[in-house]
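Throw the hints in and build the complete structure from the sequences for me.
Protein chains in written order, with UniProt numbering: chain A, 1 to 415; chain B, 1 to 415.
No lab work stands behind these hints: they were computed from the structure. One or more hints might be untrue.
For identical chains, the list gives no copy identity; a pair is met inside one copy or between any two copies.
To be verified - Mimicking DSSO-like on lysine-lysine, the simulated pairs with C-alpha atoms at most 27 Å apart in a straight line are: (1) K193 with K368; (2) K96 with K60; (3) K96 with K49; (4) K193 with K214; (5) K239 with K60; (6) K360 with K258; (7) K32 with K96; (8) K49 with K60; (9) K239 with K96.
Because the structure is a prediction, the values reported are computed rather than measured.
Protein chains: 2
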Amino acid sequence: MARTVLKFGGTSVGDLDRIANVAEIVAARAAKGEKMAVIVSAMSGETNKLVALADGAAGKDLPRSLYDDEYDVVVASGEQVTAGLLALALRRRGLKARSWLGWQLRLKTDNSHGRARIMGFDDSSLPDSIDSGEIAVVAGFQGVTDDFRVTTLGRGGSDTSAVAVAAALGAQVCDIYTDVDGVYTTDPRIVPKARRIDKISYEEMLEMASLGAKVLQTRSVELAMNHGVPVRVLSSFVKPGEESPGTLVCSEEEIVEKQVVSGVAYSRDEAKVTLYGVPDKPGSSAKIFSALARAGVNVDMIVQASSREASKANLVFTCTDRDSPFARETLEGLQAEVGYDRIEVIRDVSKISIIGVGMKSHTGVAEKMFTALSEKSINIDVIATSEIKISVLIAAPYTELAVRALHTAFGLDAD
Amino acid sequence: MARTVLKFGGTSVGDLDRIANVAEIVAARAAKGEKMAVIVSAMSGETNKLVALADGAAGKDLPRSLYDDEYDVVVASGEQVTAGLLALALRRRGLKARSWLGWQLRLKTDNSHGRARIMGFDDSSLPDSIDSGEIAVVAGFQGVTDDFRVTTLGRGGSDTSAVAVAAALGAQVCDIYTDVDGVYTTDPRIVPKARRIDKISYEEMLEMASLGAKVLQTRSVELAMNHGVPVRVLSSFVKPGEESPGTLVCSEEEIVEKQVVSGVAYSRDEAKVTLYGVPDKPGSSAKIFSALARAGVNVDMIVQASSREASKANLVFTCTDRDSPFARETLEGLQAEVGYDRIEVIRDVSKISIIGVGMKSHTGVAEKMFTALSEKSINIDVIATSEIKISVLIAAPYTELAVRALHTAFGLDAD
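Here it is, written out as structure tokens:
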């Protein structure tokens, strides 16, 4: 008895016509004997509308601790509506179906309203319902705390709901239907020769997702990796018979032909902060980065370079552009205590990354990257590396040029 | 520790400005030390929008048994949104507040989706929450079945939610805030001299409500009567300091000055059905009315008058105009079996009623009614009476004239 999980995002259920289309996709798969849970997002635009209402009711000065739990109550209603509508659309086609809300599934989360993390399922009758041939239409994005309050999982949280349900059901595959037909080697809007990737490892997908390839929520990939759930990215915007195989996100072992570099990602939401003349004594860095953490600034790359002055060093780090004013404010408040000379914040920068599990066993990848960039006269500001990723910070106007150069250099261009 | 229940209907929470206004009303009462549960409807227009979506998803041919449960899931989301928004609007004003959904309250109903009846409360922490000074903002109109499915209570069901919560909390009063400032002696659009009633008994209110004075849902009045909950009808559309005392719906014993007639009600949605020449033998009526009941036709007044022919009688009854085509169809199918001569359906009729607990102890009320109508040359088609009500069926064009004549005749006109 093959259990599968399908997930449809906001644009895939954007109006009654799109919901009817989803019902047809589900019906075609039900006809093949699949036992399904179908996770749905809110109709596109609904979540933004609900957020605007919640913001309007709360005003600007309400602290998050008094906002997030009721925000969740308001916003979770969007997925509830879609779940009911799809259940009706399936019944209209003669299928057995019912909706499931987060609290009905007992999809338990922590208390971090607005960005809750799934803690697990309590016992629910979902598996029995599915096995009996009833299609479970699950409201994504939502869960419930131990004290029965509604939570939501953060933007893109329906992906995570889908993977969690797939893990709980021991599903063979979790199909994420969206408005693109898979994960691409890079952004096709920048590189028309970008190719759809057939298979990509969880690790690579994590790097892609966290770097701005917004096909899957990062946490959904983590969860899939931890539970070994194969995730497939598919388009719901194709005619029957014209389906693409999509992109399978799976464990590295299942990928026979490993690419050295699988994709090129970029992020424009970056800022580079330099502290000049930080006294070279123990504890300076700890002071700086713990203050930034307290201020909620998410620090990414960190480089420390020695200064010409013997006793002082320059400290460089990156954070999101959005966080950079808070970073500046925090560090200015720390100047007397730490004793650095001056601070510089450059906001017009981009991060370009190449990602590939093949890097682990190949040398010369970094050199090839730097050469490709230097051939286009692109200056590299900061470099950071991991086992399967090399990232560089460059001036933002060079973003497209750099992405195209690297896509070609690593043989990713479509024929 | 005085517990009170407040309820705000759809127009009272129609947009963020109206919700802010409700928050001000609640805040003013909280400042006086009241411990409150506030029941809210969906923002006006939302329920209709959600119903249209559910209808669109289900199509026209889905039987109600496959529709109503998911309809409830979709439609209940409207009250959920308002509950979250009002909780936020109250917190913005420095008050402690939280939202409660039907399933969180464990407001148990039967399985009659779309028109469920409240069976009672399971134990919930609502009373403790209120007594601790936290305002409970309750999503009206919704409940939950024993097997944890969402139900709704039918149109106007938030009134019933409010009375049920008031009964469960032993609240001193259940204040129904709406867009009118009370219950009137008749429809002020027809009689400008209509007066707001200060106190009205549950029994009278039931007759008024079931006769089309749409201020309160009939079932909410029944529930209030059964549990002895005083209900007050108030306007949320007044400026602070200009509040009207509204209308108190309470037990007859609490009304010292009993009016012979408290109000004049009318209903235009009526049809008169006459079966001519029904054989005067046992079982004819039983056959006719059980067939009508099976067809879902709600029969109201019934009169049987003997015909000139000895062995046959004419049977007259009324039903809603909307039901009258089904009544005709049902009865035409029964003609051979019952053996009546012909059927006549007159759809252009109105029912006019006078209501008052004082009738129980006063004679001459009917005569006064018939005289007032005959003075205006209004012909009476059918008469029906109960202990506290006399209803007559008349030709629809005379509706306003009849209502005005009776309002004056029974001394109800304002000075």
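Q: Please flag the earlier hints that this structure goes against, numbers listed from lowest up.
A: none
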